[in-house]
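Enquirer: Read off the chains here:
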Amino acid sequence: MDIEEPVTMNQEGLSLPVGDPVTLIDGAAGTETIDAGVLVELYRRLVLGRRFNQQATALTKQGRLAVYPSTTGQEACQVGAVLALADEDWLFPTYRDTLAVLTRGVDPAEVLTLLRGDWHHGWDPHAHRVAPLATPLATQTVHAAGLARAAQLRGDSLAVLAMIGDGATSEGDFHEALNFAAVGRSPVVFFVQNNGYAISVPIDKQTAAPTLAHKAIGYGMPGVRVDGNDVAAVYETVRAAADRARAGGGPTLVEALTYRVDAHTNADDATRYRDAEEVEAWLRRDPVVRMENHLRVRGLLDEAMVEEFREGAERMAGELRARLSTDPDPDSSAGAGADALSLFDHVYARPTSQLLEQRALLARELAAGKRAAKEAIA
Amino acid sequence: MDIEEPVTMNQEGLSLPVGDPVTLIDGAAGTETIDAGVLVELYRRLVLGRRFNQQATALTKQGRLAVYPSTTGQEACQVGAVLALADEDWLFPTYRDTLAVLTRGVDPAEVLTLLRGDWHHGWDPHAHRVAPLATPLATQTVHAAGLARAAQLRGDSLAVLAMIGDGATSEGDFHEALNFAAVGRSPVVFFVQNNGYAISVPIDKQTAAPTLAHKAIGYGMPGVRVDGNDVAAVYETVRAAADRARAGGGPTLVEALTYRVDAHTNADDATRYRDAEEVEAWLRRDPVVRMENHLRVRGLLDEAMVEEFREGAERMAGELRARLSTDPDPDSSAGAGADALSLFDHVYARPTSQLLEQRALLARELAAGKRAAKEAIA
Amino acid sequence: MTATAADHRITPAGARTETVTMARALNRALHDALAEDDRVHLMGEDIGALGGVFRVTDGLAARFGDERVADTPIAESGILGTAVGMAMYGLRPVVEMQFDAFAYPAFEQLVSHVAKMRNRTRGALPMPLTIRIPYGGGIGGVEHHSDASEAYYVHTPGLHVVAPGTVADAYGLLRAAIASDDPVVFLEPKRLYWSKGELDRTARLPEPGTAAVRRTGSSATLITYGSSLPVCLEAAEAARAEGWELEVVDLRSLVPFDDETVCASVRRTGRAVVVHEASGFAGFGAEIAARVTERCFHYLEAPVLRVTGFDIPYPPPALERHHLPGVDRILDAVARLQWESTWESRTRSGGSR
Amino acid sequence: MTATAADHRITPAGARTETVTMARALNRALHDALAEDDRVHLMGEDIGALGGVFRVTDGLAARFGDERVADTPIAESGILGTAVGMAMYGLRPVVEMQFDAFAYPAFEQLVSHVAKMRNRTRGALPMPLTIRIPYGGGIGGVEHHSDASEAYYVHTPGLHVVAPGTVADAYGLLRAAIASDDPVVFLEPKRLYWSKGELDRTARLPEPGTAAVRRTGSSATLITYGSSLPVCLEAAEAARAEGWELEVVDLRSLVPFDDETVCASVRRTGRAVVVHEASGFAGFGAEIAARVTERCFHYLEAPVLRVTGFDIPYPPPALERHHLPGVDRILDAVARLQWESTWESRTRSGGSR
Ligand SMILES: Cc1ncc(C[n+]2csc(CCOP(=O)(O)OP(=O)(O)O)c2C)c(N)n1
Ligand SMILES: Cc1ncc(C[n+]2csc(CCOP(=O)(O)OP(=O)(O)O)c2C)c(N)n1
Ligand SMILES: [Mg+2]
Ligand SMILES: [Mg+2]
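Protein chains in written order, with the numbering used here: chain A, 1 to 378; chain B, 1 to 378; chain C, 1 to 353; chain D, 1 to 353.
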């Protein structure tokens, strides 16, 4: 007996239920089933998103953000997937998905609270149905499966979008999340942004799977690949998967093929592990430009609209710049973190006597003008 | 766009690279490619294995074992998979795989050291190339991937057999092990005994995958199903996968379909969660009886041999009974655990000063005839 | 989300007291919580038809259905992580980890999410979760079945940690844990599952965070919790013969810690021994000894001593009795509390006691 | 498998001393270990081409190839678990966890296997593993990037736990860790990665399990390790102005614990403050305070005090300076060491000091 060779990443003509990546915008048609208003809105959000990335990067250089993981190049994923959600749906972002959170309607300054180093989290999760940015990789996918399960148990129809990077699919939690969702037929869309790298590690050191979408098969759920730089394709794919989830069809795994154009974060040096040519090639597939061209070809976009969207983005950026140019305001919802004594307020529903003692110690220190650990921390 | 339905457990005519379970012994042919001596040896080991299970169960009832997870009904998996290994290969058993360890040539009393409650582990892992029985589920699969990787790095050609139950495939470690092995093309055969249950939980609450073998696809390795009550099929499948591994072909996932005839352990009450009819149906597929019938049909087995094997098994059981009827002997390799002061010997290469203090405390207590925690622990 | 312990007190439907095992008392607590609050959901391995390996969930799936009492895949991180998501949606999940060592795969979810979620979201996402973990040894379990892992949990800010030592507390503390808006690691002493005691389900639930003085005495204080409580009570009884009247304080709640009750006792007796079965080095006993010393230094006739498991992996069944703190080892520690110094120091510190 | 620290001392090829950062010293240690022993293998996320997010493995993959210095998939349990298998085969894996909180997914492998494997197999399967974990805060990291998690590890029998506080120790302790036949959790204080000091790679490696007295003084002892060492030295300097001469003991090795050096110091000074940045409750400082008190009770003028992080999740960058023990908080604790009692107790305990 011989063991048959497995399907490999490069093998042609897969007979597996995972097809070629869905692409819609490269012809004039392809997007005709999508409402024109939606298409234009997708584009507008891409423009906003690109500008947001630029502004956040600039703020980081100025020391206004502690760190910023940019989504430049991945805007179509962030915008397309989130706009596909209905109001009642929930979003579980991972640490890079600031733009997804912004697209969901969260105030830009609140989106950046964590990265500003001000407090761990900025927005009201219930108001937006958006969980906090998850830093420990893949852990949020399990939360997503749990929230979806809870909605099912309560008889509520909604879908949950769980976002994750390609590298994070290696974590055990990813496996457990897909399995729980599949066994429970829970309404989750697992959306993997395969941007080719996990910090410095390329995807072929992360997995030997033919595609990440193939992982769906092992859980008994559909797996779909989509061109992650095609905002319409991302939108349409996630919409279909979310509809299916809401209708009781269970979870779907979506793999979006994209590229992280910037370094991992401002602190990273991408030249250590990848070539300029590789980046160049992906810049030619820029998701904003591609959508703009597509809409122009389809006659849905004119110069005035482009200008209007550009201006709107400039306004958003200007406001963000202004709001983040000052030190955090302890009394605003986006800035309450700067109040030292608030450190003890939310550890428990009611502070323990031990915490009250510690709070009193800090209050005495502050009152006495004691120096904190280091005026300038390394 | 619509999401295509995934392949489901019950779907007919899968177009996936995972075929029907390999079965060899149900016709007269089917095993002709396997050496006759091997076939007879497989049978002899099944007989031994069945007797070992009976004896261990009896010893448990007499209080000589703390606990015993029986492999009755699963003997073909335990025997077939292990006999397929070469001397240089390694075996990573999980907690139920006592019979696999026995089949690898470990002394029966040493196999049972853990379950006897005497010490945590009985045999020399290097002498037999058998890792300790792993109680925390799925953790041993990662060790297996690591040892296989180490052998690769050292340029040694060997295969590693990692055994695991169906339920344990839900653990994150299973996912991480398959992924590490696949990415590294490491020589591991992951051998899942799908016996239908994880203690009380049936497989359909554990996974929604079409089969467990389908999980291989998501890692880029071959997945094979085999009739786990057909010792020749198990042998042949694992042999092929191990050959492939040793030759640099990378890992394989094998799913063996079998059934746990006894309760989970002596402490379990299986009537709480399954019907007698289900057990009956599987008893009709008894792996020992099926192999006996097959060998008789092929003319490879006669009454004298049956009798000889039965006697050999009786002898093994008798010896085991005798050796385990006394209290552990602190000086034998299978019984050194009973020496209280040895508790401190192997925590570190050299005991710390703190451990030496604690050892001295216990020594004083023992010398003074102090009562230990409870003469009779609950 | 604002239910408090008090809301969950049972309205007496004819007061009833019964003699039950601790496992049964826990079962009753889960039953009553499920019956009273439809947001309560139980999840775990084999907790459904089987009723759990210790039968603590016996009959509950039959009574409440498998959506309220759900068998999960074997994936502890997945179990706890999905419970986090469920709690975000307003449910009150009660998770069972089958054995202490099998809670370790969920450690990241516990430390990085369960413990921190309320704090990071400034109260927006409380975690009203109960994590039931059978803990400790003394039941003849093979390796990985007898860990006493409380030190990991008590050191993690954001978690409450509770360990009942009596049947009544098993019921009361579990009801209070499920009613709590904070995550509670609920440690069930395996060794006491079959111990029996009186249960009155109409009794007032214990106030969260309060210790109980189980026996009064003036010579020294034994500070303990969970599985070591009966051993300490036995030691206190035996100590009488040696002329010592030992006070026994049962912490019940490890976090929050009841400094008041503990320190009041130690100030009265001037001597203390901490007893638990987990390894001593950096075990919870270290915190107890350190904080009691900080707060009661001038009342102490002797250093606070610790009687704990050794600093070794939990031993196999044949040897576990040597590892677990027993009556004699406790009495030996009491004997080392520098009784000879009493007169001298009494003179020295005069009015302070 | 029986190599000892001594075997790995460098034969001087022309003695050389250089001023380097701690990150660089660690890099040199890894380099020298890789060069000297072909069983040493490095594994972790981004340790190859990138050289690690802190550049501790900079240049090593280029020098030794990607089989010796391997980028792994992002799966910490998988990384540590495969390292266990590699150690079983006779290799000496050195694992990097990218940040402290990202070691938690590997907790089960660490506690249930790495720590126990030698013991359960009665020495047949030693675990000569080094687990490098950048630990602690003070670098402006967002949540989950600044945990000080040593309490979890020091409580786990079977592990050695080490935390360098100087550049020379960073090199020496890491070489000793890799040479050790036992698993070592090697905590690298992130805050000190860019601190500079003298490195002499030909110097004798520190004896495993030994603390170092970094500054002598007679008034009180500061007991500390890792990232808090420079803070304590600064505090000791500042204390002079108040008339206190503080002795500073740097533990270096948390497990095994150097009772001798610590207690000798405390017996000399009669007062002690333990300083670390992890949360105080059931933190490692509790063990230090408890054991010092047990062993030095009659020498103590005051309870051993602890200056630690608060019992809260690690704060965001804007507030972390309030959480971390600083010079003033240490001096305040020193001031609370009951200086007024000296004369009275000196009289009382007379010859004991
Ligand atoms: C459990 C855990 N391990 C490690 C890290 C450190 N880390 C942060 S981002 C990252 C790479 C993630 O790669 P990928 O999932 O592909 O997402 P991308 O950065 O490409 O968006 C790593 C290793 C982490 N945050 N959590
Ligand atoms: C990490 C972990 N979680 C839980 C358990 C408790 N446990 C022991 S056996 C078992 C069921 C295993 O089922 P399966 O993998 O199908 O193996 P089988 O018992 O059928 O051989 C469980 C849940 C464990 N040993 N380890
Ligand atoms: Mg990526
Ligand atoms: Mg099974």
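Hints may be right or wrong, so weigh each one.
So the derived label-pair ranges between C-beta atoms look like this [said to hold, decoys possible]:
#, chain 1, residue 1, chain 2, residue 2, range
1, A, 278, D, 38, 48 to 58 Å
2, A, 364, D, 243, 51 to 61 Å
3, D, 268, A, 368, 48 to 58 Å
4, D, 35, B, 105, 34 to 44 Å
5, D, 35, B, 32, 51 to 61 Å
6, A, 278, B, 38, 51 to 61 Å
7, A, 26, B, 87, 36 to 46 Å
8, C, 218, B, 202, 31 to 41 Å
9, D, 38, C, 295, 54 to 64 Å
10, B, 87, D, 63, 28 to 38 Å
11, C, 213, A, 364, 48 to 58 Å
12, D, 63, B, 63, 36 to 46 Å
13, B, 274, A, 2, 33 to 43 Å
14, A, 279, D, 63, 56 to 66 Å
Computed list of lysine-lysine pairs in DSS-like fashion (alpha-carbon distance at most 30 Å, straight line) [stated by the list, open to error]:
#, chain 1, residue 1, chain 2, residue 2
15, B, 370, C, 196
16, D, 196, A, 205
17, D, 196, A, 61
18, C, 196, B, 205
Reference listing, derived: stretches of chain D covered by chain A, where coverage requires no fewer than 3 residues with Cβ under 8 Å from a Cβ of chain A [what the hints assert, rightly or not]:
#, region
19, 50-57
20, 310-318
Calculated directly from the structure, the hints in this document are not laboratory data.
Bear in mind the structure is a predicted one, so any value in this text is a computation, not a measurement.
Ideal placement from N, C-alpha and C gives every residue a C-beta, glycine not left out.
Enquirer: Compare the structure with each hint and give your call.
Expert: Evaluated hints:
no. : hint                       : in the structure
1   : A/278 to D/38: 48 to 58 Å  : violated (34 Å)
2   : A/364 to D/243: 51 to 61 Å : violated (23 Å)
3   : D/268 to A/368: 48 to 58 Å : violated (31 Å)
4   : D/35 to B/105: 34 to 44 Å  : holds (40 Å)
5   : D/35 to B/32: 51 to 61 Å   : holds (56 Å)
6   : A/278 to B/38: 51 to 61 Å  : holds (53 Å)
7   : A/26 to B/87: 36 to 46 Å   : violated (58 Å)
8   : C/218 to B/202: 31 to 41 Å : violated (59 Å)
9   : D/38 to C/295: 54 to 64 Å  : holds (55 Å)
10  : B/87 to D/63: 28 to 38 Å   : holds (37 Å)
11  : C/213 to A/364: 48 to 58 Å : violated (33 Å)
12  : D/63 to B/63: 36 to 46 Å   : violated (60 Å)
13  : B/274 to A/2: 33 to 43 Å   : holds (37 Å)
14  : A/279 to D/63: 56 to 66 Å  : violated (27 Å)
15  : B/370 to C/196             : holds (28 Å)
16  : D/196 to A/205             : violated (35 Å)
17  : D/196 to A/61              : holds (26 Å)
18  : C/196 to B/205             : violated (35 Å)
19  : 50-57                      : holds (count 3)
20  : 310-318                    : holds (count 8)
Checked against the numbered hints given earlier, the structure breaks hints 1, 2, 3, 7, 8, 11, 12, 14, 16 and 18 and satisfies all the rest.
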